[in-house]
Every structure is written in C-alpha cells, then in structure tokens.
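Starting from the given sequences, assemble the full structure and let the hints guide the process.
These protein sequence lines map, in sequence, to chains A and B. Counting in the numbering used here, the first sequence runs from 1 upward without gaps. Counting in the numbering used here, the second sequence runs from 1001 upward without gaps.
Read the hints as simulated data drawn from the structure, not as lab findings. One or more hints might be untrue.
[What the hints assert, rightly or not] Dumping the calculated DSS-like pairs for lysine-lysine here, alpha-carbon to alpha-carbon at most 30 Å:
| # | chain 1 | residue 1 | chain 2 | residue 2 |
| --- | --- | --- | --- | --- |
| 1 | A | 157 | A | 233 |
| 2 | B | 1036 | A | 152 |
| 3 | B | 1058 | A | 135 |
| 4 | A | 36 | A | 58 |
| 5 | A | 153 | B | 1084 |
| 6 | B | 1058 | A | 152 |
| 7 | B | 1135 | A | 10 |
| 8 | B | 1010 | A | 97 |
| 9 | B | 1304 | B | 1287 |
[Said to hold, decoys possible] Beta-carbon label-pair distances, calculated as ranges:
| # | chain 1 | residue 1 | chain 2 | residue 2 | range |
| --- | --- | --- | --- | --- | --- |
| 10 | B | 1261 | A | 40 | 55 to 65 Å |
| 11 | B | 1248 | A | 22 | 50 to 60 Å |
| 12 | A | 287 | B | 1022 | 22 to 32 Å |
Just so you know, these numbers come straight off a predicted model, no measurement behind them. Here a beta-carbon is modelled for each residue, glycine too, at the ideal position from N, C-alpha and C.
2 protein chains.
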Amino acid sequence: MQSFELLSRKFALHFEQQHFPAEPASLYQPNEYFLKLGGKRIRPVLCLMGNELFDDIKTDAWEVGSAIELFHNFTLIHDDIMDKAPLRRGMETIHAKYGENVALLAGDVMLVKAYQQLEKVQLEFQHPILHLFNKTAAEVCEGQQWDMDFEKKETVKLDDYLRMIELKTSVLLAASLKMGAILGGAGERNQNLLYEFGKKLGIAFQVQDDYLDAFGDPQKFGKQVGGDILANKKTFLLIHAFETVNDPQKDELNELLAANAPDKVEKILKIFRDCKVDEWALELKNKYLDEAFSHLEDIAVVSKRKQPLKELGQFLVKREH
Amino acid sequence: MQSFELLSRKFALHFEQQHFPAEPASLYQPNEYFLKLGGKRIRPVLCLMGNELFDDIKTDAWEVGSAIELFHNFTLIHDDIMDKAPLRRGMETIHAKYGENVALLAGDVMLVKAYQQLEKVQLEFQHPILHLFNKTAAEVCEGQQWDMDFEKKETVKLDDYLRMIELKTSVLLAASLKMGAILGGAGERNQNLLYEFGKKLGIAFQVQDDYLDAFGDPQKFGKQVGGDILANKKTFLLIHAFETVNDPQKDELNELLAANAPDKVEKILKIFRDCKVDEWALELKNKYLDEAFSHLEDIAVVSKRKQPLKELGQFLVKREH
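Following this line, the structure appears as structure tokens:
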C-alpha cells in the first residue's frame, strides 16, 4: 500500500518526459511547456490508488494515468481560452503566450494524445476503459457548458449547481479511481462504490473550496479571501444565500453584487453569516464526506488496503466544525 | 459492388438522426445544426467502399463511417474558428451563430462523440481502428498547424506544401479507405495499397482544386475564379510559380501580391501562363492520379470489385490535358 505522496512523486517522474514529436514545433512546444507547469497530478494518482486498492499496480495503470492527466490538461488549455485567463499556476497560459489559434489546436492534439495513450492498454481492458473515458470526457464538456450557462443566469438552483460541479469536477476524479479499479481486477460492485466515493469526495472538496474562499484563513489558504465574492461567482454559498435570505437581505445582496463598493466582501460575508451560510456549507461538506467514506467502507476489501485513500480523503477535505 | 452515389445516399439516411442528448441544449443544439448542414459525406463512404472492396459491408463500417464523419465535422468547426469563417456551406458557422466559446466546446464534444462511436466496433478490430484513427487525428492537427505556419511565411517549398496537404487533407481520405479495408478483412499489403491510393488521390484532388480556382470555367466550377489569387493564398500554382519565374517576373509577382490592383488576377494568371504553371499543374495532377490508380491496380482483388473506386477516382479528379 503506497501513500498518495509517494505515488505522486513516482507518477511525476514517470510523466516527466517529452510527450510530443519535435515537429511542428509551433504546435507541440506549447504543449510541452504547458505540461511542465506541473500540478499535483491528483487524477493519475487516483488511478494508481484505485488499482492498488485491489491488486499490485499494473503497467496499464501508468498508461491510463497519463491519458487522464493529458485529458485534464486538454480541458485546462481550452477552459483558459474560454475564461480568457492570462495565468495558470503563475505562468502564462498557452493562448496568452502563443495565441488563441495555437491554444485551440494544441488542446485538440492533447486530447488526441490522451486517446493514443489508451491504445497501450491490454486488449482485455481496452473496451471498458475507452467506454468510461469517453463517457467522462463528454460529461466534463457538459459541465463546462452548464458553468458558462450559469454565469449568464441571474439565479441558479442548488440542485443544478450540484449537478454542474459533479460533471465539471467530480466525475473525472471518480472515473480515475474506477479506471484503476478496473485494471486492478475489481468486480463491478466494488468499481461502482469506488466511483461514488470519488464523486462525493469531489463535491465535498468543491464545497470546501467555496467555503475557504469566503471564510478561510488567508495565511493558510494561500490566496486572497473573497475572490469569488468580488467576481460575483456563483458558489455554493451565494446560491444557498439566495435560497434562504429574507426580502430585505435579498435586495441588499443584489445591490452589493450590482455595485463594486470597497466593503462589498465584508458586507456580503455578514449576510452569509447572518443566514448561517457558513454553518450550512460545513454541514454540506461533511454530509458528502460522510457519504464518500461510507461508500469506501462498503468496498469488499480488507480495511488495510483502504488506508491510503482514507488518508487522502481526509487530507483533501479536512474535517472542520 | 455499390457505386459511390448509392452508398452516399444510404449513408446520408443512416447518419440522419439525432446524434447528441437533448441537454445541455446550448452545447448540443449547435452540433445538431452543424451536422444538418450536410456535405457529400465522402469520407464515411470511402470507408464503406474500402470494406466492400474485400467483403460485404459490415455493421462496423457504418459505425466507423459515422466516427470519421463526426471527426471531420469537429475539424471543420475548429478550423472555422481559426479562419474566422462566417459561412460554411452557405450557412452560418457555429462560432458566428453561437459564439466562439460554444464553438470551441461543441467541437471538443464532437471529437469525443467520434471516439464514442469507435466503442461500438467489434473487439477484434478495436485496436487497429483506434490506432489508425488516433494517428490520423494527430496528423490532421499537424497539417492544420503547418497551414497556419505557412500563411505567415514569405516562401514555402513545394515539398513542404505537399506534406502539409497530405496531412491536412489526404491522410483522412486514405485512413477512411484503410479502416474499411481492415473491417473487410483485408491483409496488410492490400490495406496499405488502398491507403496509398487514397493519399495520392487526395493530393491529385487538391492540385485540381488549386488549378480550377485559377483556370477553371466559372460556369462549371461554381465559384468565382481567382479567389485564391485575390487572397494571396499559397497554392500549388503560386508556390511553383515562385520556383520557376525569372527575376523581373518575380519582382512583378511580389508587387502584384503586395498591392490589390483591379487587374491583379488577370496579371498573375498571365505570369502563371508565361511560366507554364497551368501545364505543370495538370501534369502534377496526372502524376498523382497515375500513382493512385497504379496502387489500386496492385491490390490483389478481382478487377470487378475495384470498379466503383475507379469510377469515384475518375469522377473526383477528371483527367484533362
């Protein structure tokens, strides 16, 4: 049983290579640049851990892990274009550095490269892996579309927001674990429990992310608190606030969002606190976390093998409150 | 043995369906709209014909044909963004109608949908089909990148231009035929000969396209003659002209390209004729056509089965000169 940290270091070494041919350099150099920006490689490591929950790690899990990481980077490159984001991990995004056309095509070929990785999977597992990979890829695109749609809407229902987060973020985490489980020879029931564990953990993580942006300790959180509020971003907090405020609070909230007063963050945080949005968010996070761990518990494998996933879950989503 | 026309009508019927889920409509409706714009569906029909050259058409060939057509449409959607093209087949492009972000994501999910089609292929053929599909997809992206690179260059060598056309256009035609051959149970030698036939035919077709834009009969050609010349597009003709003109002609050509005089087309056509670029282009086309048919000839299958492909080749690239 290997910890997330150990597998993360191993995968980083495995992935540290040239992924694309030399030519056309104008297409492939941007992709090599982007892959070198790093990241925690959470998804491929989940694939390795999903495999190791059931059996020793197979060669295929490294290949599928690379496919997943390439896919994830494809989504980042194209999302950055859509969001007009200038920076990613403190460095220039591809479209900012090389232009939008190059970023568009570089993303495309990154996705194709992900599928090229899947060719390497043993025939026995090729169909289930391709099927799950495709399903997940389509869902991630759908999640991104819902996210863009929601930006233009005045109000978003909590259930719709949850479904968007599930598609945009959670299903890829869940699928990474499940692909590992498939390669580890898990039965269908165990595969699906692990998938649900990943999905619920992903939602808990997003709730926590939204919570910390508003209520986190800036020292520990590592970025300015209130960024989402300043950007009028629809978060779990804002959506729930609109569902619970009274009419005068609603008017005030709308006014605060429409203007950009210097005390915007402070005043919105006060409304959040008055409506107990902070407590609600922690409860919601814990609800998903409990569900996640209960799925993990149900997997028919000796408890010892689950230890690294338990630790990872607890590390990603710290229990507070 | 079925003719291109018959198979084209059959494939059009097969492909005339809803391809995507209803929701999110903001993502999937644009794709349904785009697929309804039609087109000759040449590539999937090549897949069917490649299959029928060796055996009765298998169910898989229809699925792979759909995958190829979806892939082709993905490239059109993204190319239209890159080219800022307002129209496609006389109708608004996706980015013009729905915005660039939607077009970007709609193209992405169209590509994923193409891969979802490949899941349906019998296990026996899944690996070779996926491998060829991936290789071709990467090559088409590379071809598009070379094309964008060449637009910015002052001069392009004929060999480099040929390679670009091969990647951007020919390999998908060739791969469509070869995938059909694989599904038809062809041996490797026959598969590769058919691939080469498609590749050479694709180049001959592009040479003819460039030729007709300059020297075609506007009545028959269906579009304004000289469009490429007006747009300073690097074509087989312009590239060869630069390789053969004398110094005064070269200066004149450069001046004509730099300005946009009313007699630009006429004067450039005169230089082309003076340097016999027109004759050269017809010879080049015939050279590739001869090579294509010689590969077809070499395929170890009774001549009768080759008839529809011969007719298609002659229809696509009419022998002139």
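Given the proposed pairing of residue 1010 of chain B with residue 97 of chain A, does the C-alpha separation stay at or below 30 Å?
Not satisfied, since the Cα-Cα distance of roughly 47 Å exceeds 30 Å.
Would you say the C-beta atoms of residue 1261 of chain B and residue 40 of chain A sit inside 55 to 65 Å of each other?
Because 59 Å falls inside the window, the suggested range holds.
Does the structure keep residue 1135 of chain B and residue 10 of chain A at a Cα separation of 30 Å or less?
With Cα atoms ~29 Å apart, residue 1135 of chain B and residue 10 of chain A stay inside 30 Å; holds.
Quick one, are residue 1304 of chain B and residue 1287 of chain B close enough, alpha carbons at most 30 Å?
This hinted pair holds, its Cα atoms lying about 24 Å apart.
Verdict for residue 287 of chain A, residue 1022 of chain B (Cβ pair) under range 22 to 32 Å
At 30 Å between Cβs, range holds.
If you check the beta carbons of residue 1248 of chain B and residue 22 of chain A, does the distance land in 50 to 60 Å?
violated (40 Å)
Between the alpha carbons of residue 1036 of chain B and residue 152 of chain A, is the straight-line distance 30 Å or under?
Between residue 1036 of chain B and residue 152 of chain A the Cα gap is close to 28 Å, so the pair holds against 30 Å.
Pair hint outcome, residue 157 of chain A versus residue 233 of chain A [Cα-Cα no greater than 30 Å]
With Cα atoms ~14 Å apart, residue 157 of chain A and residue 233 of chain A stay inside 30 Å; holds.
Satisfaction of hint between residue 1084 of chain B and residue 153 of chain A, Cα-Cα up to 30 Å
holds (28 Å)
Restraint check for residue 1058 of chain B with residue 152 of chain A, where alpha carbons must lie at most 30 Å apart
violated (47 Å)
Decide if the proposed pair is consistent with the structure: residue 36 of chain A and residue 58 of chain A, CA atoms, cutoff 30 Å inclusive.
holds (25 Å)
Is the Cα-Cα distance between residue 1058 of chain B and residue 135 of chain A 30 Å or less?
Holds, at roughly 25 Å.
Going through the hint list in order, the structure does not satisfy hints 6, 8, 11.
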